[in-house]
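These are the residues of each chain, in order.
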Amino acid sequence: MIDPLQTSLKVGASGLEAQSRRMRVLSENLANAQATGKTPGSDPYARKVISFESQLDEATGTNFVKVSGIDRHQAPFRIEHNPGHPAADGKGFVKLPNVDVLVEVADMREANRSFEANLQVMRQAREMISMTIDLLRNG
Amino acid sequence: MSPIQLFNVVSQHNRWLSARQATIAGNVANVNTIGYKAVDVEPFEMAMAEARVAVKATNSAHMVPAAADGPATRVQDSDTWDITHSGNSVSMEQELIKAGEVNRAFRLNTSVAKAFHRMMLASAKV
Amino acid sequence: MIERISPSLSTPAAPSTLGVDATRPVAGAGVQEAAGVDFASMLGDLAAKTAGDVRNAETLSIAGVRGQASVQQVVEAVMSAEQSLQTAIAVRDKVVSAYLEISRMSI
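Residue numbers (the working numbering), protein chains in the order written: chain A, 1 to 139; chain B, 1 to 126; chain C, 1 to 107.
I should point out that these hints are in silico values taken from the structure, not numbers from a laboratory.
A few of these clues could be false.
[Claimed, not checked] With a straight-line cut-off of 27 Å between C-alpha atoms, the simulated DSSO-like cross-links for lysine-lysine are:
hint : chain 1 : residue 1 : chain 2 : residue 2
1    : A       : 66        : A       : 10
2    : B       : 125       : C       : 94
3    : A       : 48        : B       : 37
4    : A       : 48        : A       : 38
5    : A       : 66        : B       : 98
6    : C       : 49        : B       : 125
7    : C       : 49        : C       : 94
8    : B       : 114       : C       : 49
9    : A       : 10        : B       : 98
10   : B       : 37        : A       : 10
11   : B       : 125       : B       : 114
12   : B       : 114       : B       : 98
13   : B       : 37        : B       : 98
14   : A       : 91        : A       : 10
15   : A       : 66        : B       : 114
[Stated by the list, open to error] Derived Cβ-Cβ restraints for the label pairs, each shown as a range:
hint : chain 1 : residue 1 : chain 2 : residue 2 : range
16   : B       : 105       : A       : 119       : 18 to 24 Å
17   : A       : 123       : B       : 115       : 22 to 28 Å
18   : B       : 92        : A       : 28        : 21 to 27 Å
19   : B       : 122       : A       : 24        : 52 to 58 Å
20   : C       : 45        : A       : 136       : 21 to 27 Å
21   : A       : 119       : B       : 77        : 23 to 29 Å
22   : C       : 44        : A       : 17        : 55 to 61 Å
23   : A       : 59        : B       : 92        : 22 to 28 Å
Note that CB positions come from ideal geometry on N, CA and C, so glycine has one too.
One chain only, chain A, in its complex shape (with noise of 0.2 Å):
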């Protein structure tokens, strides 16, 4: 016999470490926003997405999310006229990557967004858990 409400804290635990992930990978991007190659063109850090996917579990009927993959974002990189850099190519052009700041850090909002959501909801399952064993508490 299941628990619902145990379900309820492993799916939200399942969604804290999918937010997490996503944030580690956020952090990766913004870290490496101006990371280019060493040798003359060369690629720079490519910036890199996270997808998730919903995974039904048969016994209790309840979605659990998981990464389903970290892959390179296909947006073409930023060129910079840049003839003394290292990784400049014949023409003088630097690749930069293709990580926009503004994007990632608003990203990184929104997934600590759904990481507090998760937790709010992994809080509350476990009150309702503590609230049914206090049925048989004295006074």
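Could you slot chains B and C onto chain A? The hints should help.
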């Protein structure tokens, strides 16, 4: 006479509320999943009206939580406020509002059950 | 314990609710055996129900510890056991005190 009916209703309502909390948790966890559609349990009156023990699914993708000692709660697609262009139909605000309601109702149920239980015990004291 | 006391006691009216009628004083020794069987069997049923409830609560508690029963099920079973046990104790106390009262009656 003992308030058996009250204990039954409160117990069933709490079971339904627990199942609802589980679907809310699933929706919140999948708030960023592409193509995910929010789900919700069927209304309490419907779950109570049919004394349904067998598991019924609205479509093959929906399994319902099996309750061995009470009516099973059917999961259905919920009416949400909007759908993003990624196909995700979870509204965080709606889910959190629902969670607040669930919590409040659960608290009321357990308080009532506790009060009546204490009354029962007190009335049997010599 | 209730089973041992019940055959020696009898009451003309079968109680409708245990809580109320347990407080009524028991009649004298010369009462019909037929009416006595009702009360006796009722006490026996109460004892059996209480034992069953407690056993059920115990089973569910163990299952709950193992993770096989939900918290709500365990709590409900324990509450039921508490209620029937409390009732049984009250009835037993009343029956015992009534028996003692009878035994003190001068013939």
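Assess, step by step, whether the Cα of residue 91 of chain A is no farther than 27 Å from the Cα of residue 10 of chain A, and give holds or violated.
violated (55 Å)
Given the hint that residue 49 of chain C pairs with residue 94 of chain C, does the C-alpha gap stay at or below 27 Å?
holds (18 Å)
Does the beta carbon distance between residue 105 of chain B and residue 119 of chain A stay inside 18 to 24 Å, or does it fall outside?
holds (21 Å)
Would the pair residue 10 of chain A and residue 98 of chain B pass a check requiring their Cα atoms to be no farther apart than 27 Å?
Status holds; Cα separation ~19 Å.
Outcome for the supplied range 22 to 28 Å, where the beta carbon pair is residue 59 of chain A and residue 92 of chain B:
holds (27 Å)
Given hint residue 114 of chain B paired with residue 125 of chain B - CA-CA distance at most 27 Å
holds (17 Å)
Can you confirm whether the C-alpha distance between residue 37 of chain B and residue 10 of chain A stays at or below 27 Å?
holds (20 Å)
Using the Cβ atoms, figure out if residue 44 of chain C sits within 55 to 61 Å of residue 17 of chain A.
Check passed, 57 Å falls within 55 to 61 Å.
Is the hinted pair residue 48 of chain A and residue 38 of chain A satisfied, with a Cα-Cα distance of at most 27 Å?
holds (20 Å)
Given the hint that residue 37 of chain B pairs with residue 98 of chain B, does the C-alpha gap stay at or below 27 Å?
holds (16 Å)
So if I understand the rule, the pair passes when the alpha-carbon distance is 27 Å or less; does residue 114 of chain B with residue 98 of chain B pass?
Status holds; Cα separation ~24 Å.
Assessment of proposed distance window 52 to 58 Å (beta carbons of residue 122 of chain B, residue 24 of chain A)
Given about 56 Å between the Cβ atoms, the range holds.
Violation of the numbered hints given earlier is confined to hints 14, 15; the remaining hints are satisfied by the structure.
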